[in-house]
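Given chain F, work out where chain P should sit, using these hints.
Top to bottom, those sequences are chains F and P. All residue numbers for the first sequence refer to the numbering used here, where the first residue is 1 and numbers rise by one. All residue numbers for the second sequence refer to the numbering used here, where the first residue is 1001 and numbers rise by one.
Just so you know, the hints here were simulated from the structure itself, not pulled from any lab data. Please read these numbers as outputs of a predicted model, since none were measured by experiment. Be aware that a few hints might be false.
[To be verified] In silico DSSO-like links for lysine-lysine, alpha-carbon gap of 30 Å or less:
#1 P:Lys1198 / P:Lys1224
#2 F:Lys91 / F:Lys165
#3 P:Lys1038 / F:Lys255
#4 P:Lys1046 / F:Lys198
#5 F:Lys253 / P:Lys1096
#6 F:Lys224 / P:Lys1094
#7 P:Lys1094 / P:Lys1038
#8 P:Lys1255 / F:Lys253
#9 P:Lys1258 / F:Lys152
#10 P:Lys1096 / P:Lys1034
#11 P:Lys1038 / P:Lys1096
#12 P:Lys1226 / F:Lys258
#13 P:Lys1163 / F:Lys255
[To be verified] Covered by chain P, according to a simulated footprint, are these stretches of chain F (three or more residues, beta-carbon under 8 Å):
#14 52-62
#15 81-90
#16 115-129
#17 196-204
#18 211-220
#19 239-245
Glycine included, each C-beta is placed from N, C-alpha and C at the ideal position.
Protein chains: 2
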Amino acid sequence: MAGAKSKKNAPVILVTNDDGVMAPGILNLVEAVKGLGKIVVVAPDKPQSGMGHAITIGSPLRLQQVHLSDGMDAWSCTGTPVDCVKLAVDKVLKRKPDLCISGINHGANHSINVIYSGTMSAAIEASIENIPSIGFSLLDYSMEADFTMSRKYARIIVETILKRKPDRHLCLNVNFPAVDDSLVNGIKICRQAYAKFKEDFDERKDPAGRKYYWLSGEFVNYDKGKDTDVWALANNYVSVVPVQFDLTNYVLKSKLEKTFKP
Amino acid sequence: MAGAKSKKNAPVILVTNDDGVMAPGILNLVEAVKGLGKIVVVAPDKPQSGMGHAITIGSPLRLQQVHLSDGMDAWSCTGTPVDCVKLAVDKVLKRKPDLCISGINHGANHSINVIYSGTMSAAIEASIENIPSIGFSLLDYSMEADFTMSRKYARIIVETILKRKPDRHLCLNVNFPAVDDSLVNGIKICRQAYAKFKEDFDERKDPAGRKYYWLSGEFVNYDKGKDTDVWALANNYVSVVPVQFDLTNYVLKSKLEKTFKP
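Chain F with its partners taken away, still in its complex shape (with noise of 0.2 Å):
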């Protein structure tokens, strides 16, 4: 078992988040994994929900080391979660660790939010550098969840992932039912359901009378399947899908090769 490794040959495990380096996700994702490794904690020094796979080019970014609320030292980054894996891989770690662990968000990050998640963006950032990584989500958006289920299943997981042999580019989006342990399925891997957001701006009048509209919506799931993770995390499992990078589209490029003849 990876944790009952001596401590030189202990995995590094890098951690980070989208929610910010104070979260109580994080600490219960650093708190789910203690033990199995060598835990450095760089995350966002303020939430960045919604940041999807955001990097910072326009401007520098600072590094400031800072305590967990448990005491453990930590790094707190003033960019997004994604500059958080790049600039601890070279910065911090000065190494490519052997497994990046993001979360666990506030919120789910199933179906098409693995696209606009900062904590499945970091995620991603790492196994495009060939960094094993899983995205953690609770269905439960509030700072005072209780994260005690999805702590055991995240070190289950954790604990799987580092036994086995390490696949090229791994990438998994985890996501918590937010139920009681007692009533958990267990954990299924699935695929991405098609489900999404229906938006419907509101629309507001300032003080000037101008307008201004926030983004607000309703969750619609448009996919029947029963292999997805919105059916999954109806039916109390633990969602986990794969996920990758190549965003080519297979099926419509040899429909355009016929279309398209250089």
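Just chain P, lined up with the frame of chain F:
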């Protein structure tokens, strides 16, 4: 031909970008598709390169009517490229456009850059909504870049797509080599190369002696395939990669189903 339809039935073409509504690239894209439909421009009020699929969730958005330098009406939006597409559909057009085009980006968006690119994220956002979409990028970062060849090929591609029976969730990532029209070998349908920046942060000290870091790096192609966008561009083809938003890694899904059993 779509452009020959009566004005009433002309396709509605939404134009956006990530370099901002005043960038020369968007003006060239509008010029490229003139006559092919009813053109509506909704683009960010400032450069948003590297914003990836970021959305604005913690603050409101504004829209302002502006004029492009050719006098055309346009909407300037305070949000990200993805916000622009969402707001355009819900509040400007109040319907889905027949096509969404994004760019022409000042700089490459081939290979892994598709993930960081605001230009491509706008196109991907449209395709999630089942609006056919195309992102265009020229391999020249200069604000004085010559878009002559790009305009010609952008028009050919848009005309071809408008003539086809719409493909579900069609999204194309088009890159133009920075060469003269006479040197272009044609349009090539490709897959996304595994090529990326090898990061190396530039560490500096501010006047107070505190460290800060600039993201910098060297672009490296690790992919030797002749079917990639990077190969096509190096060989003076216009590269077209069909893009999808289902990030599920189905190969890894099958493997992991044996490891994790519910």
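- request: Please name the hints from earlier in the document that this structure breaks, with their numbers sorted from lowest to highest.
  value: none
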